[in-house]
Amino acid sequence: MDYESLSKPVGSVQGKSQFYFSDGLFAHAEESMGTVFVFKGRTPFGQDKTRALCERAMDILHEADRIFSTYKPNSPVSRLARGETTLADCPPVVAAVWDDCEAWEKITGGWFNAFTPQHTFDPSGLVKTWAARGGARYLEENGITDFTLNAGGDIYITDDVSVDLDWRVAIHKPVSIQSEGAGVLTVVDLKGTDYRAVCTSGSAERGEHIWDPKAPGKESAKSLAQVTVVAKDLVQADVWATAAFAQGPRAIRQLNEHNRQHPQDKVQLLVVFPDGDLDATEGFVGLFAKGDPAQ
Amino acid sequence: MSRKTRIGWANGFIAVAALAGGVVLTNHYAPGTAAGTGSNNAATSSTSTSGSATSDDVPYQFGDIQLKVTKANGKITAIDVGSSTATAGRDQAFPYLVQYAIQAQGTSFSNLSGATYTTDAFKQALDNALAKLG
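Residue numbers (this note's numbering), protein chains in the order written: chain F, 1 to 295; chain Z, 1001 to 1134.
Treat the hints as calculated values from the structure; they're not laboratory data.
Errors might be hidden in some of the hints.
[Said to hold, decoys possible] Taking lysine-lysine and the BS3-like style, the derived pairs with C-alpha atoms no more than 27 Å apart in a straight line are:
#1 Lys266/F <-> Lys191/F
#2 Lys106/F <-> Lys191/F
#3 Lys1123/Z <-> Lys72/F
#4 Lys16/F <-> Lys1123/Z
#5 Lys106/F <-> Lys214/F
#6 Lys290/F <-> Lys191/F
[To be verified] Label pairs and their computed distance ranges (CB to CB):
#7 Tyr1096/Z <-> Asp159/F: 26 to 34 Å
#8 Asp1127/Z <-> Gly143/F: 30 to 38 Å
#9 Gly83/F <-> Tyr1096/Z: 36 to 44 Å
#10 Asp265/F <-> Tyr1096/Z: 24 to 32 Å
#11 Lys1123/Z <-> Lys191/F: 30 to 38 Å
All of these numbers come straight from a predicted model, not from anything done at the bench.
By construction, the Cβ of each residue, glycine as well, lies at the ideal position given by its N, Cα and C atoms.
Turn these sequences into a full structure, and let the hints guide you.
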């Protein structure tokens, strides 16, 4: 596989998206939710159909952004937070996500919590990956099944990925990608495992935005610089990453126990301490990439 | 294809894929190979068969760490990470974890996972990376 063979964007750059296509290989990069989503892989279709499918997949993200964005003052969720509307008057999907958040709060022992210190509903810890999973499923249901999605730093890999390199995911250092010290902390290789998602939570990009749901005043979670979760499902990985970052190093014990009780649905965690030390669930060690794959 | 040709595609796919994946930027994003070498030196440079030796600062990730290697009768019995202040009170359940992470650091990859970045950060990171490729 050689992404370098994709020479330049097809057609003009439309709005804030870029589409690339060459001989069955494609990539689509588009902005939504204040970040960048990149689908890339192989397609059985021609250029026009592939592009149209990618744009429709992105529409799922744009629609979720329109409804859930807490950065858009008039989104249903923003208006809900200000008491200007009720859950019943919001699009039904808001209540569905609300229910999901309650379920995840139970599963994570309260460490994932969609209620802010100000007691408003903020499902941001889940909406991006929830919508990204929807976009990826759209492609898979419509015949594009061999690709990866990078949803602003959260990674999803399809079952049918046909190239070894696409199973390998780097984990960034717990510093901003735009900083001088940017670079790779380590690389995991998910080939041959049941895992399909990698999510990383930390304060490197957006400051201390994850609060500790169990702290008296819901203080900012500070004990870890960054966490990375590897799981079968993108939303599951994202939720556990948010929860683990809030909980701190004890999340490892909690997930080791979870994995003992759910051997078919394991979740692996890597934590980075502010001084650079690492800790991880028992099963994480087997995920570190070895050597370089034959291309 | 020459490096200059790649850089000429500043707004092209290579730039996008390079951040979302690592095909072009693997070498840039793997400064840790030096760290890997450093830690190996720590393990092998000591000629004593017993006792502890502390490596020079290893330029690992976003700071420096020291690896303290303990040997007994010529065999390595422990590798401890970090200064005493860093690891005080913490379980050293996995002293080899950092070593494994460093060993995997320089390998190639297709996607990069990190804390969610803004669009501007994404673009800035691309610019930084392309400038370094130059």
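Using the C-beta atoms of Asp265/F and Tyr1096/Z, is the stated range 24 to 32 Å upheld? 27 Å, holds
Quick one, are Lys290/F and Lys191/F close enough, alpha carbons at most 27 Å? 11 Å, holds
Is Lys106/F within 27 Å of Lys214/F, Cα to Cα? Measuring from Cα to Cα gives roughly 14 Å; hence the hint holds.
Take the C-alpha atoms of Lys1123/Z and Lys72/F, compute the straight-line distance between them, and say whether it is at most 27 Å. Since the Cα atoms of Lys1123/Z and Lys72/F sit roughly 22 Å apart, the hinted pair holds (cutoff 27 Å).
Hint check for Asp159/F and Tyr1096/Z - Cβ pair distance inside 26 to 34 Å: 32 Å Cβ-Cβ, so the 26 to 34 Å window holds.
Regarding the pair Lys16/F and Lys1123/Z, is the alpha-carbon distance no greater than 27 Å? 12 Å, holds
Could you grab the alpha-carbon distance between Lys106/F and Lys191/F and see if it respects the 27 Å cut-off? 31 Å, violated
Between Lys1123/Z and Lys191/F, does the C-beta distance stay in 30 to 38 Å? 31 Å, holds
So does Asp1127/Z sit 30 to 38 Å from Gly143/F, Cβ to Cβ? 36 Å, holds
Given the hint that Lys266/F pairs with Lys191/F, test it: the Cα-Cα distance must not exceed 27 Å. Roughly 16 Å between the alpha carbons, so the hint for Lys266/F and Lys191/F holds.
Evaluate the given range 36 to 44 Å for the C-beta pair formed by Gly83/F and Tyr1096/Z. Once the Cβ atoms are compared, 53 Å apart, the range 36 to 44 Å for Tyr1096/Z and Gly83/F is violated.
The structure does not agree with the numbered hints 2, 9 stated previously, though it agrees with the rest.
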